[in-house]
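Novice: Sequence:
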Amino acid sequence: MSKKEALNSILAVVLGLIAGAILMFIIGDNPAEGYAYLYKGALINFKRFGDTLATATPLILTGLSVGFAFKTGLFNIGTPGQMLFGGFCATVIGLTYGAVLPRVILLLVMIVAGAIAGALWAFVPGVLKAKFNVNEVVSAIMMNWICYWIVYYAIPAYFKGSTETESKSIVEAASLKTKWLTDLFSGSYINLGIFIAVIAVIVIAFILNKTVLGYELKAVGFNKSAAEYAGMSVNRNIVVSMMIAGALSGLAGVAQYVGNASNMQIGVMPSQGFDGIAVSLLGANNPVGILISALFFGVLYSGKGFMNANTNIPPEIADTIIATIIYFAAISAAVPMIVNAIKHRKAMAQAKVAENNAVSSNTKPEENHDENKEENKELEKDNIESGQNNIEEPKETEDIDNKEEK
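Each residue of the sequence shown is one higher than the one before, starting from -6 at the first, in this note's numbering.
Where hints are given, some of them may not hold.
[As the list claims (entries may be wrong)] Listed below are the simulated SDA-like cross-link pairs for lysine to any residue, each with C-alpha atoms no more than 20 Å apart in a straight line:
1) 124 x 218
2) 336 x 348
3) 40 x 175
4) -4 x 172
5) 33 x 298
6) 172 x 97
[Unchecked claim] Across the chosen pairs, the derived CB separations fall in these ranges:
7) 228 x 130: 11 to 21 Å
8) 320 x 347: 38 to 48 Å
9) 204 x 176: 37 to 47 Å
10) 308 x 224: 49 to 59 Å
11) 173 x 228: 45 to 55 Å
Treat the hints as calculated values from the structure; they're not laboratory data. C-beta: ideal position from N, C-alpha, C; glycine also.
Based on the sequences and whatever the hints tell you, model everything.
Specialist: Printed below as a string of structure tokens:
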């Protein structure tokens, strides 16, 4: 993450907080008091801090998913569907084998299954993009709703819990919650998902910056034609990129549905999938930046309820702050692109003018040369005619002299 990108993100956060303070002031509340309770609600003790980390966990993974795809020139808006499918597969395994397999093996199988499920769900948009140039945004949105309705049907049909809208609760052995971690954070719902998220940040940063695969993926995202000319398989890299992004979203589903929760709720598309876009944008698509951005969003989400309970400030103010930050982050990201586009157009215009001037300067000497040639021909003609006249005059004088002698 460059210094300029970091400054743009910080500026977006500051402007968003200022906008939130103005809104608090307009509705008649003290902004300083509101922000104090907002951050106390997220960080005042170990329990609330643990809840903040748990809230940030799926955001880290969905942010990585979106950011990784962005780095390779793709827009993975299919994160909610991939997250839902990954969480669904992990939940099904937990409900089916929770009392059969040893806990370590069970958790590993659930985590791997969630990642594979997310990768497979992203495979379809990836192939459609690579083979048929179908816009990945359109195909991924369609896949989101296909997954939504599959889960909507399967949960009440095969895994119905106490109500029609939720699944059975998974057993303790199938949950990512662990007693030592819960006790460490004073009863928080933090779970092993936070470790999965941190490991994912390290792995993705390593892939992008230290491997040939990462170099090729970024090269394809930067310029497909140049990457193909260099001998890279553009289609293969597009599919691989989408599958890695999908695996990260699937892990987010595992962290959410068998970590933060103990069952699956139907009828709702996971908001963390869409929030991942904002997290990635604020983090400048950089793994470390995404980690910090997700923690900041976790603070806002965890603290807004505490702020509302202790002041008259509605919790929607926190959502407004997030939306404002996203707008400012988008503007800060778009401004350099607009400036570069304007500079490029000016450079192209100047090059065209220079080319026209060069063409005109090359044609003028040829015209002058032709004119000089014609003038020289005329002079030569005049000289020849005058020479002929000079030659004929002596003949006439000789005839006259001969006559006089006779």
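Novice: Taking the hints in turn, state whether each one holds.
Specialist: Outcome of the hint check:
1. With a CA separation close to 15 Å, the supplied pair residue 124 and residue 218 stays within the 20 Å bound.
2. Of the supplied pair hints, the one linking residue 336 and residue 348 holds, its CA atoms being roughly 18 Å apart against a limit of 20 Å.
3. For the given pair, residue 40 sits about 9 Å from residue 175 by alpha-carbon distance, which is consistent with the 20 Å threshold.
4. For a cut-off of 20 Å, the pair hint linking residue -4 to residue 172 is broken: about 41 Å separates their Cα positions.
5. Proximity of residue 33 to residue 298 is assessed by CA-CA distance (about 11 Å); at most 20 Å being required, the pair is judged to hold.
6. Taken as a hint, the residue 172 and residue 97 pair is honoured in the structure, with Cα atoms around 14 Å apart against an allowance of 20 Å.
7. Roughly 18 Å separates the CB atoms of residue 228 and residue 130, a value that falls within the hinted 11 to 21 Å.
8. A hinted range of 38 to 48 Å for the beta carbons of residue 320 and residue 347 is consistent with their spacing of about 40 Å.
9. For residue 204 and residue 176, the hinted distance range of 37 to 47 Å is satisfied, since their beta carbons lie about 39 Å from each other.
10. Taking the beta carbon of each, residue 308 and residue 224 are about 54 Å apart, inside 49 to 59 Å as hinted.
11. Between residue 173 and residue 228 the beta carbons are some 47 Å apart, a value that agrees with the proposed interval 45 to 55 Å.
Hint compliance for this structure: hint 4 alone is broken.
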